[in-house]
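A.B. asks: Dock chain V against chain G, hints included.
Protein chains: 2
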Amino acid sequence: MGSLADTSVPHPFDPLSIEEIQTAVSVVKKAHGDVRFNVVSLLEPRKAEMQAWLEKPDTTPPPTRFANIVVIAPGGKVYDGLVDIKGGKIVEWEHMEGMQPIITMEELQVVEHKIRTDPRVIEQCVISGISESDMDKVYCDPWTIGYDERHGSLVRLQQALMYYRPHIDDCQYQYPLDFCPIYDAGKGEIIDIDIPKIRRPLRLEEKINYTAAAVEKAGGYRTDLKPINITQPEGVSFKLTGREIEWQNWKFHIGFNYREGIVMNNITFNDKGTVRPIFYRLSLAEMVVPYGNPEHPHQRKHAFDLGEYGAGYMTNSLSLGCDCKGSIHYIDAHFPTRSGAINTIKNAICIHEEDDGILFKHTDFRDESTIVTRARKLIIQQVFTAANYEYAVQWVFHQDGTIQPDIRLTGILQTYSILEGEDTHGWGTQVYPGVNAHNHQHLFSLRIDANVDGPKNTVFMADAVPSDAPVGSPENYYGNAFYAKRTKLATTGESKTDYNGATSRTWDICNTNKLNPYSKKPVSYKLVSREVPGLLPKEGSLVWKRAGFARHAVHVTKYKDDQLFPAGQHVPQTSGEPSRGLPEWMGDGTESIDNEDIVLWHTFGVTHIPAPEDFPVMPAEPITLLLRPRNFFTSNPVMDVPPSYASTPSQVLAGGKGVIDATDKFSKLAFSNGANGKSCCA
Amino acid sequence: MGSLADTSVPHPFDPLSIEEIQTAVSVVKKAHGDVRFNVVSLLEPRKAEMQAWLEKPDTTPPPTRFANIVVIAPGGKVYDGLVDIKGGKIVEWEHMEGMQPIITMEELQVVEHKIRTDPRVIEQCVISGISESDMDKVYCDPWTIGYDERHGSLVRLQQALMYYRPHIDDCQYQYPLDFCPIYDAGKGEIIDIDIPKIRRPLRLEEKINYTAAAVEKAGGYRTDLKPINITQPEGVSFKLTGREIEWQNWKFHIGFNYREGIVMNNITFNDKGTVRPIFYRLSLAEMVVPYGNPEHPHQRKHAFDLGEYGAGYMTNSLSLGCDCKGSIHYIDAHFPTRSGAINTIKNAICIHEEDDGILFKHTDFRDESTIVTRARKLIIQQVFTAANYEYAVQWVFHQDGTIQPDIRLTGILQTYSILEGEDTHGWGTQVYPGVNAHNHQHLFSLRIDANVDGPKNTVFMADAVPSDAPVGSPENYYGNAFYAKRTKLATTGESKTDYNGATSRTWDICNTNKLNPYSKKPVSYKLVSREVPGLLPKEGSLVWKRAGFARHAVHVTKYKDDQLFPAGQHVPQTSGEPSRGLPEWMGDGTESIDNEDIVLWHTFGVTHIPAPEDFPVMPAEPITLLLRPRNFFTSNPVMDVPPSYASTPSQVLAGGKGVIDATDKFSKLAFSNGANGKSCCA
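First to last, the protein sequences are chains G and V. For our numbering, count along the first sequence from 1 and bump the result up by 77. For our numbering, count along the second sequence from 1 and bump the result up by 77.
Extracted from the complex, chain G is given alone in its bound form (with noise of 0.2 Å):
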């Protein structure tokens, strides 16, 4: 198996191509003359359309190619579009009056050179201790400026987030500077600065590095680090057709976008024959990260590091070896640049399949006669940078129909100043000398367009709870019994539920027009999320207001075409007043949700309290879930999978007769050859 389908035509799914994308910028400059292009991406297809394409590819056309644009005209107004590719024409064209689309990692780039020579800059450089002649060593990560109450959203303004490296090879973060300039993109120009109350000049505290050389000089790279080799000298077990994959009865599409990244479509898994639906749609939609530190100007630190930034925008180009290890399949990324011409991301997104251990296992303790059977795990994966952090998001497909995101935290902490002795007041912690690590929070939201067994579905709120009925009572005599508490949720109001650890909280996805036939059970996915903080950003507060998808653990929506984005369709500068995305779809909270087309929200993620051990790079934190079919399947749906080894009851007493002796020949003893290793569990 593993072949790749030369497909001319692209899949409704599919990303723009690149010549799809040469066409969108040449009919949006033949019509608007010089902009920059900030977004040309994929409109994808309206569901109603779509699904009826799916039911019948062979004989429905195809819903048509369309582009969505996002321009920002000369004197900064900003222009949303669509254009009919094949028919070559822009078919939308809207103002954006007071709107701020992403941030382009074009932009990310320029604002760098604007500070070094920008005059009330270098006066608070060389306040803080920096010689003017050193003002190449000064660098900036130049963030959105999030929302400002006193500069509103009318200008397209960036924060500079200031550190000064001495030397260029040096760790980016150690020397924070105190004052935060404010940049006006439309104008080029640096605007204001933000300085602080107290100041806090640059402290040249010893350097810690991660690079080779600063690790040659404090001893070296450990020796004693045998290699790992992993090998499929027989290829792969996945299958593609053009961006559909195939692996153990999965099938999906693999997208890819400027702001969600990867995105997986139309995800069935064939259930003996059956192909069932699972999800429509399936991605990281939006997350926040906000900072706890109350002083001024940090509370604008609370990146959407998606809608202000893109998880597509900032992907890395992956490698073999270094990302993954074993047989990997790459699929490029397209995006337009600013002018309008293309950027590719070579190895945007990595495929490859990995063992994962014990699949299932039992031993009859009368005879030891066992079945042991490994596990396979598919892992889709992109690493993103946002600037100073990276996330390496894992989408992990099982053998089990469970799904798997799996988001692991690297890079490097976002940093501050701090005096010899200040107190951090608990806000923060002193990681190294002078460098104050501020608390945060990474918030996810999974959007889950959820398709089980068909588009009508209903989410069920499930807690383990003991039963009402006393110790002593004939009900619960000897205390002991408890049950699955179920709760419908049955309006978008009724939707917005939090984590409950004490009940081991989770949420089922059922369609109950479909009962399993032996549990009677609605069939269900259910969502087994630990990991949930609540949103510390209080009620009512800046973060709160603008990243209202994150004040829940969970929301549910009536699918609507276009709801993509919960945090609003163009993140920078929003104030949250209102709060865009989510919190307006939620409606007057009346709406069914119960058996309709649906969209579960999920937000998850850690709340980091930096330590020392996070600085001056970060050994990678992991954040998963599980998306687990229940009462779905009527059994174990990986039985066929070949047992590494089988015996039965009837093959032990024969002596081993037909026992199932599958072990990998690979395998080695650690020390020796044999002596202390035996064949299998015989």
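Any given hint could be a false lead.
The list cannot tell twin chains apart, which means a pair is met if one copy fits it or any two copies do.
To be verified - Restricting the straight-line Cα-Cα distance to at most 27 Å, the calculated cross-link-like pairs of lysine-lysine (DSSO-like) are: (1) K742 x K303; (2) K742 x K316; (3) K637 x K124; (4) K734 x K214; (5) K734 x K294; (6) K316 x K349; (7) K303 x K316; (8) K294 x K349; (9) K284 x K734; (10) K294 x K284; (11) K635 x K562; (12) K734 x K423; (13) K303 x K349.
Just so you know, the hints here were simulated from the structure itself, not pulled from any lab data. Please read these numbers as outputs of a predicted model, since none were measured by experiment.
C.D. replies: The following block gives chain V in isolation, referenced to the frame of chain G:
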């Protein structure tokens, strides 16, 4: 690296050798004649004596080797004893009135033969619909009775959970019978049968099996999985000296006993030349599996798998390429048989390394200079079979100082019969026609004998909470302030704490005598555990009384020798009045645990509401938690792990000169020989 030193003198933590067991047995036999051996196991050295030896092993005499002995004498009398092995003498011998020691595998094997010939059992089988001539097809899992108030603890009893197995190779748990014989181990006979009010005759529904024959009949094994080979051609990166392992700055002793299975002692981390103690001892010390069906006699189903059966006694003999892949080292376990002979479990423990994805990564968005370093993990594993269930227990050591207990639950659900159309009342799920799998929990007790930079430690509870100051107040104007609220657990009473998912609660094991020089916070290990259901059997219930350890997520005690097993030394047939073990050790709650030698007991696990997917054999369900160094190191401790790829800005400027490219050359593109790949990141 990688050698096995020949060590003829046992390390004081080593389990008893075959010779030592034989010596102890012969000493006991000589003194007490024909007894049945229940336990012959190392009495671990007294801590004070052991610490003295660990400090100066060359000049301090090693602690005396003692064997803990438990025997059952004729008449069912239970004796606990202590044998001085070198001295060849019994130094303690005590009759344990009203105590029942652990059930051994040999005891589990006996009962099935008894039930098949017992007239009353045969009568019930016939009532269930089984022909008298088919009694060889009747099986039972003969659990300890747990506790039954009608029978007390003076007589050694087992409850026979009954099944019909039409063919010897059929799944043990598909055809449950509705009655429950009670076996008196002293008399060697069935003394009673619990017969439910509602009878549920055998339902001979269509067979469901996971055997090769059954899979072949259903269409055969899938053929689309290509092999993944994992090899370490240069050997492994760990080194063993006796049972002491060294790997990536870690060093510890790997013990094993009948009860807990794997025990790790004297866990230290070499921090740039300073060997720093972390845990004196780490193990799973107990577990309880309460079932949630209140119907009599299901309240008796709440197995203490460790205290009643033993994770050592039940451990599997592991095999190359089945239970792990790669280069594996195995360690055997030796136990006494009831008669005093030796039962060796080959390959009871397996040790191996695995690649673990990205350890850390950072890219500078300015120039795409990148460092990416891959992680390695060390896994110490055992798998044990508790009648129907399998537990794969992995102790995972990470390079960054994290220890991750990682458990996979697999095997087969414990099942009971259900009538056609019968209501489960929510206490269970019909996972297959006629098969009711009752709700249950798996609650583990992780025993952490803390030694974080020395024996005097203090536990703090940490909750991530918003500032108290309201939005708009000067202290929290924008409402974004949040911090980690730390609560000292100063006494045993204060230490009884529960999980709080809303605050992402963690517990910090601190050495308050030693502050991190940068953060000024005490050096610590943080318990990050998210699978922490409460004990669902109610306060005052039988399980609540017997499994006192499971009432809270955390208890902390002051260390005392021999306080190892939190449900008590002898668990079978305890009434819970008083609650043995941990509740006793907590005392009146006033004992100081502030800056003392302490033990933290952590209850974690899952609540399992079964589904048809779990039957007839369960795809592995994972549970995990982390013990993470926080404020322990002064910086990221893995910067000296060789990167796969590292380029600095100056190297990028110099066209790549000096870049480290140690990319694994065994990784390949999935579908071609280079067209789609690139060397790395450049």
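A.B. asks: Hint by hint, say whether it matches the structure.
C.D. replies: Structure-based check of each hint:
Taking CA atoms no more than 27 Å apart as the test, K742 paired with K303 passes in both settings, with 20 Å inside one copy and 14 Å between copies. Within a single copy, K742 and K316 get their C-alpha atoms as close as 26 Å, and across copies as close as 24 Å, so both meet the 27 Å cut-off. With identical chains, the CA atoms of K637 and K124 are at most 27 Å apart within one copy only, with a shortest distance of 8 Å there and 65 Å across copies. For a Cα distance limit of 27 Å, the shortest separation of K734 from K214 across copies, 22 Å, qualifies, whereas the shortest one inside one copy, 74 Å, does not.
In this homomeric assembly, K734 and K294 come within 27 Å of each other (Cα to Cα) only across copies, at 19 Å, whereas the closest approach inside a single copy is 62 Å. Taking the shortest Cα distances, K316 and K349 sit within 27 Å of each other inside one copy (19 Å), while across copies they are farther apart (47 Å). In this homomeric assembly, K303 and K316 come within 27 Å of each other (Cα to Cα) only across copies, at 12 Å, whereas the closest approach inside a single copy is 32 Å. With identical chains, the CA atoms of K294 and K349 are at most 27 Å apart between copies only, with a shortest distance of 13 Å across copies and 60 Å within one.
In this assembly of identical chains, K284 and K734 lie within 27 Å of each other by CA distance solely across copies; the values are 23 Å between and 67 Å within a copy. Taking CA atoms no more than 27 Å apart as the test, K294 paired with K284 passes inside one copy only; the shortest distance there is 12 Å, against 67 Å between copies. Taking the closest pair of Cα atoms, K635 and K562 come within 27 Å of each other only inside a single copy of the chain (24 Å); across copies the shortest separation is 39 Å, beyond that limit. For the homomeric pair K734 and K423, the shortest alpha-carbon distance between copies (22 Å) is at most 27 Å, but the shortest distance inside one copy (53 Å) is not.
When the C-alpha separation of K303 and K349 is checked against a cutoff of 27 Å, the pair qualifies only between copies, where the shortest distance is 20 Å, while the shortest distance within a copy is 43 Å.
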